[in-house]
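Asks: Heads up: the sequence lines are chains A and B, in that order. With positions in the first sequence counted from 1, the corresponding number in my numbering is that position plus 184. With positions in the second sequence counted from 1, the corresponding number in my numbering is that position plus 184.
None of these hints come from the bench; they were simulated from the model. The beta carbon of each residue, even a glycine, is placed where N, CA and C say it ideally should be. Hints are not guaranteed to be accurate.
Stated by the list, open to error - Straight-line distance between alpha carbons at most 25 Å, and here's what the computed DSS-like set of lysine-lysine pairs gives:
(1) B:K382 with B:K392
(2) A:K212 with B:K252
(3) B:K212 with A:K295
(4) A:K436 with A:K542
(5) A:K295 with B:K571
(6) B:K550 with A:K395
(7) A:K623 with B:K212
(8) B:K353 with B:K403
As the list claims (entries may be wrong) - Only part of the chain B face toward chain A is listed, based on derived beta-carbon distances under 8 Å:
(9) T207
(10) E245
(11) T246
(12) E322
(13) F323
(14) D355
(15) E358
(16) F359
(17) F383
(18) N561
(19) Y566
(20) L626
Now for the letters of each chain:
There are 2 protein chains.
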Amino acid sequence: ATKKTAQPDKGGGHSKGKSGKVTLKTPKGTRDYGPMEMANRREVFNVIYSVFHMHGAVEIETPVFELKDVLTGKYGEDSKLIYDLEDQGGEILSMRLYLTVPFARYVAMNKIANIKRYHVARVYRRDSPAMTRGRYREFYQCDFDIAGQYDAMIPDAECVQLVQQVLSKLDLGEFTIKINHRKILDGVFGSCGVPSEKFRPICSAVDKLDKSPWEDVRKEMVDEKGLDEEVADKIGNYAGFADLMLLFQYCKSLGCADHLVFDMGLARGLDYYTGVIYEAVLSAGQSIGAEGPVGSVAGGGRYDGLVGMFDPKKKTVPCVGVSFGIERLFTIHEQKKRSETGKLRATQTEVFVATACKGMVQERLKLVGLLHEAGINTEGSYKNNAKILNQLQYAEDNKIPLVVLIGESEVEAGVVKVRTTTTREEVTVKREELVQTVKQKLSGL
Amino acid sequence: ATKKTAQPDKGGGHSKGKSGKVTLKTPKGTRDYGPMEMANRREVFNVIYSVFHMHGAVEIETPVFELKDVLTGKYGEDSKLIYDLEDQGGEILSMRLYLTVPFARYVAMNKIANIKRYHVARVYRRDSPAMTRGRYREFYQCDFDIAGQYDAMIPDAECVQLVQQVLSKLDLGEFTIKINHRKILDGVFGSCGVPSEKFRPICSAVDKLDKSPWEDVRKEMVDEKGLDEEVADKIGNYAGFADLMLLFQYCKSLGCADHLVFDMGLARGLDYYTGVIYEAVLSAGQSIGAEGPVGSVAGGGRYDGLVGMFDPKKKTVPCVGVSFGIERLFTIHEQKKRSETGKLRATQTEVFVATACKGMVQERLKLVGLLHEAGINTEGSYKNNAKILNQLQYAEDNKIPLVVLIGESEVEAGVVKVRTTTTREEVTVKREELVQTVKQKLSGL
């Protein structure tokens, strides 16, 4: 049938047309996503969406471009990365760089007091592309955020739990979620009066907060490390500290504390974080092709000031959220699938209807219609008189598990053959038993 | 809990910031999609994707912008509608107007001999927006196309079948699929020698081709309408005619001929069609708000020349496809859901965990963790001490079917209450029976 189907995945192609022809390429730093990549993407998204829905999150979509003022007000330092649209006699527009700024604009514009939303879409950065290392100018982001005035650390714990659930369900191997708090990073020890010579030992005690309750850590500081009780209590009462301890408690209750690590060295790049920050990293041994270790696959934190920057009356809506490194997750998931023979498919076709002799196109179409009616994913050849070997080969190449086969004698006898692609085993059944047989065989695969 | 949640759907807002502040609006002709719209969109897409997968279609995605040359070569007449990106020292880029041209570019660039792909994404047209009538500058398209050199009308019949399956599964009421052929439209009667006085009666005979085989139609032409046998056979052998008769036959075999109507007046707008064309319309009585009758919800046809225009050697790849009026389908589906009380929800939350007294946040989180572990979509309040009435009200407002309720006495006794939101009926079960009880109640709803 369609033996020569070419479905290249790694696009970007740079073949040039000749003599003033249209140049056949995608814009610099962009690429097409081919069938195999999209099938992989769909699998990853299905897992992530199921977790988002488990948390009762709603979805929003915003325009791919915004008024330029909306973007540049918040991200002055990145404005050289912005794709501007040409002024064609109207508003001055730019492509979004992130999903968080459009989210803050949406919340402020609609005067929303609270919302738990996810947003999966592409963003645009006129960066130096490094396509071999997976860095593109157009790429997907996948964000989950909770906006609203709530009690400390409850939504934050949900974000950490959600990261843990997504990474566990994607089954990509061991991972760690590093946690820190901007206010701690900004110098808790100094302001609490920890003597400089005790900085290191106290730091190592604090590092245990992810596993031990505050009482044990305090005991170690005072009894083992010789810190004044008063100073230890100051640390314990420090804004970020109280948050972190609460967060660890909540994560234990939610059953997602196993992967947490308190990491004083964690510092997320964006300026807008105002509280707890976190980052999920896959453990050593997992790498993306030549790119080396995978590293961070999700990151986020609390940003309580961003919505207020858009509100005319500076009304704030506290927010906390997480962004998945979705392009990396696509890559790792695809590698995993490729290593499991036979698992990577671009289609979900379950049955290929093949004909063994000429002039049977109408009979074939009837079977396709019948199987579709029963909800079975079914394809057939587009040729009137496709060669039987080509048809069987197509089913094998495309990992279609079953072939339904008819020739003149089968049509006359009112029967069909059902062939299992991997074993090449064939059974003959009555036409009226076809659907039942196919469903049984599919459920047994 | 979160009583004041505002989740406005109809965005576009035009509130202006004061004194040089950032203007809080989306770009002209664009809008945000709110939670309810996105939930509706997801339902519609899930149906459409299931049909696409039933046909073994693969998915692709292309960049949101293309080299301007790629777009303007094919659509000169529309070039005033193109959003251009600013020349920031690089390639000259423009936002895509359609998904078909990027598809043709993709096929030509990757030298693909055949592919059956779908593509769902937004396109951009700097048109006069008419947002009250649902006409935007940024909107979704949903295309299914089959490229490849195949036998006549087999892929075309699949496109018609697919339209019928999508519209039937969406269950939006009666519909018709009008079919015509460009070559017929271009004057079959004249060139076959039908006398001008017989034009009307022959036309009415031809109109029956969607229900009757060619032999019957020919008989009517010759015996009843007095046409020369020779002229009738010329019509029958006419290129487009043979295609159409074959298409009707194939559609009958596929079981999708019921909705077909042969419509000599059908003329799709785009110049690139070269063969059979079709359009699906919802029947009278269905309207979108003030916009009046719905009209066309899907349309397409055969375009055998487009890929060749991109190929340096003019190598052609015949294509046939269909594009769903997906924004209209969203609107109609949402109206239908709104009319079915209680069906329209922005979330998929199944259980809300509520606490009846103070200081129970950890107990609540443990139950959320437990229910998530069992794969049950579960939410709780973000307040330490949320009022019980607010929590129950939240569950009612958000149509969450079950509430799991604990107070101090329940925790002490190791039990939980499970409340059905609609009936307000409560049962008390042991904690270890919670998951089973919830699953039973959910499956019975």
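Asks: Now look at each hint and say whether the structure bears it out.
Replies: Hint check:
{"no.": "1", "hint": "B:K382 with B:K392", "verdict": "holds, 16 Å"}
{"no.": "2", "hint": "A:K212 with B:K252", "verdict": "holds, 13 Å"}
{"no.": "3", "hint": "B:K212 with A:K295", "verdict": "holds, 20 Å"}
{"no.": "4", "hint": "A:K436 with A:K542", "verdict": "violated, 67 Å"}
{"no.": "5", "hint": "A:K295 with B:K571", "verdict": "holds, 24 Å"}
{"no.": "6", "hint": "B:K550 with A:K395", "verdict": "holds, 18 Å"}
{"no.": "7", "hint": "A:K623 with B:K212", "verdict": "violated, 51 Å"}
{"no.": "8", "hint": "B:K353 with B:K403", "verdict": "violated, 38 Å"}
{"no.": "9", "hint": "T207", "verdict": "holds, 6 Å"}
{"no.": "10", "hint": "E245", "verdict": "holds, 4 Å"}
{"no.": "11", "hint": "T246", "verdict": "holds, 5 Å"}
{"no.": "12", "hint": "E322", "verdict": "holds, 5 Å"}
{"no.": "13", "hint": "F323", "verdict": "violated, 11 Å"}
{"no.": "14", "hint": "D355", "verdict": "violated, 15 Å"}
{"no.": "15", "hint": "E358", "verdict": "violated, 20 Å"}
{"no.": "16", "hint": "F359", "verdict": "violated, 18 Å"}
{"no.": "17", "hint": "F383", "verdict": "violated, 33 Å"}
{"no.": "18", "hint": "N561", "verdict": "holds, 5 Å"}
{"no.": "19", "hint": "Y566", "verdict": "holds, 4 Å"}
{"no.": "20", "hint": "L626", "verdict": "violated, 13 Å"}
Of the hints listed earlier, those the structure fails to meet are numbers 4, 7, 8, 13, 14, 15, 16, 17, 20, in rising order.
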